[in-house]
Amino acid sequence: MNGYGGKIIRINLSEGKVEKSDLDQKFAKEYIGGRGFIAKILYDKLPSGVDPLGPENKLIMATGPLSGVFWPSAAKVVFGTKSPLTGGYADSNMGGFLMAEMKYAGYDMIIFEGKAENPCYIFIDNDLVEIRDASKYWGKGALDVEKEMKEDLGEEFQIATIGPAGENLVKYANISHDFGRQAGRCGMGAVFGSKKLKAIAVRGTKSIKINNIEELVNISKSALRYIMNHDYFKRFKIYGTTDSTNLSLETGFFPTKNFRLDQDEKFKGLRPEFMREKIWVSDKACFACPLSCANYTYSKKYNVFVDGPEYETIAMFGGSCFLKDIEDVQYANYLCDNYGMDIISTAGTIAFAMECYEKGIINKKDTDGIELKFGNFDAVVKIIKKIAYKEGIGEFLSEGCRNMSEKIGKGSGKFAMHIKGLESSAHECRGLPAMLLSYMTSDIGAQHTRSWTIMHDLKLGRNSIEGRAELVKELQTVRPLMEMFGVCRFPWLEMKLDFENYVKAFNSVTGFNYSKDKLFKISERVWTLTRAFWVREVKDFGRNYDLPPERVYEPVPAGVTKGMHLTKDKVNQCLDEYYELRGWNSNGIPTEAKLKELSLKYVAEDLKKLGKI
Amino acid sequence: MKLEVDSAKCTGCSICQLICALHHFKENNPKKAAIRIAKKFPAPGLFEIRVCNQCGYCEDICPQEAIYEEDEVYKINREKCTNCGICVDECPNNALFTHREVDVPIKCDLCGECIEYCPSGALSWSKDEKKEAVK
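Quick note, the sequences are listed as chains A and B, same order.
With the first letter of the first sequence counted as 1, position 264 gets the number 263 in my numbering; the numbers rise by one all the way through.
If you count the second sequence from 1, you need to add 674 to reach my numbering.
Hints in this document: simulated from the structure, not taken from any laboratory.
Mixed in with the good hints, there may be bad ones.
[Unchecked claim] Interface residues of chain A toward chain B, partial, derived using beta-carbon atoms under 7 angstroms:
no., residue
1, Ser221
2, Tyr225
3, Ile237
4, Ala287
5, Pro289
Idealized CB from N, CA, C, for every residue including glycine.
Full structure from sequences and hints, please.
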């Protein structure tokens, strides 16, 4: 099959069994790849109600038809599972070089099931696939293990690994690759850890079959030329996502002190120009990416190298936890990367605990004697380590802020900044109605990459909600296709590379000859299927799970957005409009008619049996 | 003309490798490229481009006399080459490569395709003969 590796690997770790099968053509044509494959398999093949950290849960790694292909930023592999953090549908993707290596070895997807008795890793060298002993790597940091495995196996192997946080089942542990690229969100690393799976190492040397290689080369070359001549190319290449720090501070969506934004702090020490001068070492790219958005840095103060900090890290540790020195942020970044934990959830959970501490809801007895105040860097360092090893208060924080607030009570749910149990990315939304709706309706919880609407919000007016439901639905239709194709969103998002180019590239590679509308229909099917997964897995799932923490209804206390807030009525009106556009009922459950229209009649039958429709 | 390499500008994206293999083999496979990037991570966090600088040492040592010069570019005569691997092992720049599906070493022929599409300016033409192509 053109564009695909052609094989799927199923690994049952309980039985120590590796099985290969051919990729089914009908399945590929209906679900494209990456996130599409994951949604379909999790809905169809994962039994309802499994414990996310039990052996029955599946963890899927899926590439797309463009992964590893000559196309700008064709660098994504997607991990999917039932999340231990949220209890719902989850996928999380990473860049780097692993997706390409998987395709060159001939594999589109790897499905992990069961639980190994002893720590293991998966070794793949073209046709050879083995489960190997990983006891010498167990207990070690993610960055350290990647280095060690490359020394043991060879530089050419691409490695994905977990750190101690994943081994210890921290609910937001991540999977790490290429010294700083991560499948960060929703606890993919904890699921690896629950299966006693430390790492995967892949080498492949085969060519990817392309339907029309000359056409692909022409389209790709013209896309590359377009990107390299774009007005924003040079600046984005230098600063990457850190450029958003300026935008965020200037337009007032920086999540200062757990998204409270209670003071007009300029954060001069976190600005991208300052960071570049102080700690920058090199610009680092993922596979086939002209943008090289990653800033690789070195801190003299702490003597550590880090891929980052990115905007999210700067805003979460810098803004939300209030660490104003870029080297402190960089060191917190390093600790999270090596322990293998998602930075957004780690910093989000710490900031939540800081607010609880400040308000007297928890005290020094609860925090193992740590003065958990905003801006206390030493406290942050101690807490990160405690989370990774689930020591003392760390065990409590390792559950995420939703679980914490449910246990603590005392009104703390109002400022537990999560949606569906996933800690919010770093955009304070009281002046960004479409971004808030994106977070609310994102199919994994409050994650920014599902649809990023900031520029639209700034343009359309920050207090109006008109047209936002339509905008969010539209972006949520284009975006998932990026992760079905196996490419990064940035050329489209930041360089405005027209989506038609992606359609052409996809067709040149696969020969499917799909129209844009056909692809959009597939995307809508996948989005609806993930929604149905939530409905099936979470008993009382509905509108309540889409609502934001109550902090968004309080006016912003300070800064350029002072006074901005959203009302409950407005938020509900956005949801009403959004559900209507999606063909969901007023509780956010897909209707039978919509499911039938998307060729998901069997899903409608399931939801009927559950009494949901 | 020579290929000038500035590894300090390299970001490791591998577009050069993809273009190289597409141009010479009509295949999507950077493992068949005549240019490679060594990655020095986690420390010092830098890249090193490895590509032939047309020094000609391989011509001197090839026991089959399969390597010859044409317009200052060293090329491999596929008829004569036995793929013995001596040039690959002895190359002072580690800039000759092998692939199990290719029956001769893979070597840069200075076609220049990679230069045009390097997004970082790490590859360029040099007319200055005194400069070392590979630093």
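Hint by hint, work out which the structure violates, then give me just those numbers in ascending order. Result: hints 1, 2 and 3 break, sorted rising.
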